[in-house]
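**Student:** Chain residues, written in single-letter form:
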Amino acid sequence: MFGLSIIALSALFASSEEGGSGSLLSVNYGLAFWTVLTFLLLLLILKKFAWKPILSALDEREQKIKDSLLMAEKANEEARQMIEENKKQLLLAEDEAKKIVEQSRIYADKLKTQLLEESKAQSQKLIENASQEIERKKLEAFDELKNQVADLSLSIAEKILKQNVDKNANAEMIKKYIDDIQKN
Amino acid sequence: MSEQQTTAIVDTLKQDSTSHGGSSSDWIMHHIMDSDKLDFAPFGSIPLPQIHLFGLDLSITKHVLFLWISAALLVFLMIRVSKSYKKSLVPKGVGTLFEILIEFVRDEIAKPTIGKGYEKFLPYLLTAFFFILLSNFLGLIPYSATVTSNITVTSVLAIFSFFMIQLAGISKNGLFGYFKGLIPHGVPVFLLPIMLVVELLGLFTKPFALAIRLFANMTAGHIVIYALISLIFVLHSYLVAPVSIGMALFIYLLEILVALLQAFIFTMLSSLFIGMAYHQDH
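For the record, the sequence lines run as chains A and B. If you count the first sequence from 1, you need to add 25 to reach the numbering used here. If you count the second sequence from 1, you need to add 10 to reach the numbering used here.
Don't read these hints as lab results, they were simulated from the structure. As the structure is a computational prediction, the values presented were derived from the model and not from experiment. Ideal Cβ positions, reconstructed from N, Cα and C, are used throughout, including at glycine. Among the clues, some could well be false.
Here are the simulated distance ranges between beta carbons [what the hints assert, rightly or not]:
#1 100/B to 123/A: 54 to 64 Å
#2 87/A to 151/B: 50 to 60 Å
#3 262/B to 87/A: 30 to 40 Å
#4 102/A to 222/B: 52 to 62 Å
Put together the whole structure using the sequences plus the hints.
**Tutor:** Shown next as structure tokens:
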């Protein structure tokens, strides 16, 4: 295909040069002038009205996209940080709660044992007091009893001495007095 | 298609043209080359104004007209695109297509080849790219003309590139610094005169190659299409028609690719040369 085109081209050059009406390779200065003028004008017009606004718009858009991407990334990062912080705080709070519960448990335990001990001590003291009182009361009663027995024996002795009877009467009398005492 | 066959075809083409008063290849040339009238064969033609000023033929020829059409179309389209950005930064409709191309020129052509300071050359590169692209595509429409298949037009474009390259080099490195920087470092003294000549020649061969490349690529495709079509008449057989039309269609589709490719290559190489002149130390 390319061989064909090259041969055809050379043949055409040859034939047109023979014809003499301007070859494919001859430069036309009028056309050159128009081309220069057209291209220069095109360049100036497009530069002013097309390329500048288009390129600046493209740049602006690229900048915008870059900025938004950057911003989105930043926001994402921030959100992630916040979530992490929240998590950390939640963990901290949980820990704190656990600690508080533990502490209160310990406190309650301590309080319980303390209260128990205190009440035990108090009851012990109460019991002690009561037993002391009982002891004291007992001693008192014993004292009184002793006094009464002494009084009684004195009064018995007095009566015995006063009556002065026979042995039988005496024995009977003593028995009677002792019964009295027992009754008392 | 073998080479022998093609030479045979071209021979018959030549013979035909000489025997019938130059009808066949002249017919092809007529369609490729500039003319002073718009040809709407077989419906007749419209003559274009002839202007002769200061000993110059400033006639509005077919190629001048199509130059203007493609320039006007470009201005119209691009202003529409730029206006659409005023409403919203999000492109819509035709703006989406052109935005892809503009960003392609900016990010794939100018940025990697020129590097820092590429913004200054973007307007020229964009204008050249879109002008060549639009002209190439305009040439694919029947009854229209391909201005980029005219050596004069491509030469002018290449000369613009040449000036842009020199301007880039001189504006960055200074007049003296630029020409000094043309010669690579560490060249032996006795080679300096040769290097100077070679490098100075290089300055001119670059845009020359640009002009010839664009011209040849845009011309060759059209000539092949016309040659394939003319086979029907040269061989005097309707049986050839499906084959030659099928192949012409194939070349036409190839031309769409070439139209894009050549606009890209011209811009790419211009940008590359500008970058080389701008950052001489690399």
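**Student:** Is it true that the C-beta distance of residue 100/B to residue 123/A lies inside 54 to 64 Å, as the hint says?
**Tutor:** holds, 56 Å
**Student:** Check the following: the C-beta atoms of residue 87/A and residue 151/B are separated by a distance inside 50 to 60 Å.
**Tutor:** violated, 36 Å
**Student:** Hint says 30 to 40 Å; check whether the CB-CB distance for residue 262/B and residue 87/A agrees.
**Tutor:** Holds, since residue 262/B and residue 87/A (Cβ atoms, about 38 Å apart) stay within the stated range.
**Student:** Is the gap between the beta carbons of residue 102/A and residue 222/B within 52 to 62 Å?
**Tutor:** holds, 58 Å
Hint compliance for this structure: hint 2 is the single one not met.
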